[in-house]
Amino acid sequence: MFYTEETYEEIFDNYDIDYFVDASDTIMYKVHLMKECLDRGIKVISSMGAANKTDPTRFTISDISKTHTDPMAKIIRQKLKKLGIRKGIPVVFSDESPIVIREDVKDIVGDKNAINRKGQMPPSSKCLCAKCCWINLCKLCGE
6 MFYTEETYEE IFDNYDIDYF VDASDTIMYK VHLMKECLDR GIKVISSMGA
56 ANKTDPTRFT ISDISKTHTD PMAKIIRQKL KKLGIRKGIP VVFSDESPIV
106 IREDVKDIVG DKNAINRKGQ MPPSSKCLCA KCCWINLCKL CGE
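Heads up, the sequence shown is in our numbering, so the first residue is 6 and it goes up one at a time.
Since the hints were derived computationally from the structure, they do not count as laboratory data. These figures come from a predicted structure and were not determined experimentally. Not one of these hints is a red herring.
Only pairs whose alpha carbons sit at most 25 angstroms apart, straight line, appear in this in silico DMTMM-like list of lysine to aspartate or glutamate: (1) K87 / D27; (2) K48 / E10; (3) K48 / E15; (4) K86 / D68; (5) K136 / D44; (6) K84 / D44; (7) K92 / E41; (8) K87 / D30; (9) K131 / D23; (10) K87 / E14; (11) K48 / D27; (12) K71 / D30; (13) K131 / E41; (14) K84 / E41; (15) K144 / D44; (16) K79 / D27; (17) K84 / D27; (18) K92 / D23; (19) K86 / E41; (20) K40 / E10; (21) K131 / D30.
Taking the hints into account, I'd like the entire structure generated from these sequences.
Here it is as structure tokens:
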């Protein structure tokens, strides 16, 4: 089931959630999910932008307030700030500046985020999300 403003109540009401891993590309749903998790006391980690990056070693886990260089994280910080949230949400982000795609390449591939949208970068960031979740779940279980 996809998380949306229409499905979130069903998700939270019907599942016993210990930890939410957000891998959505839709900013409005990411922000909604982060706020809901904070309000409900559910741990969450969110993956920020991975498109047009080339170095998987540059991904790191940090608080949303400490992100930089990531255009998606910047937009999310601004939207969270309007909701009174400035920190307290762990995210995976890259400190690598996104590659700017030349116009002639955009015309050929038809996608401004062509590099690594479906390559190794999104899965690399999601692996860090899973690592963070696993470590925290083990702590919850006393291991």
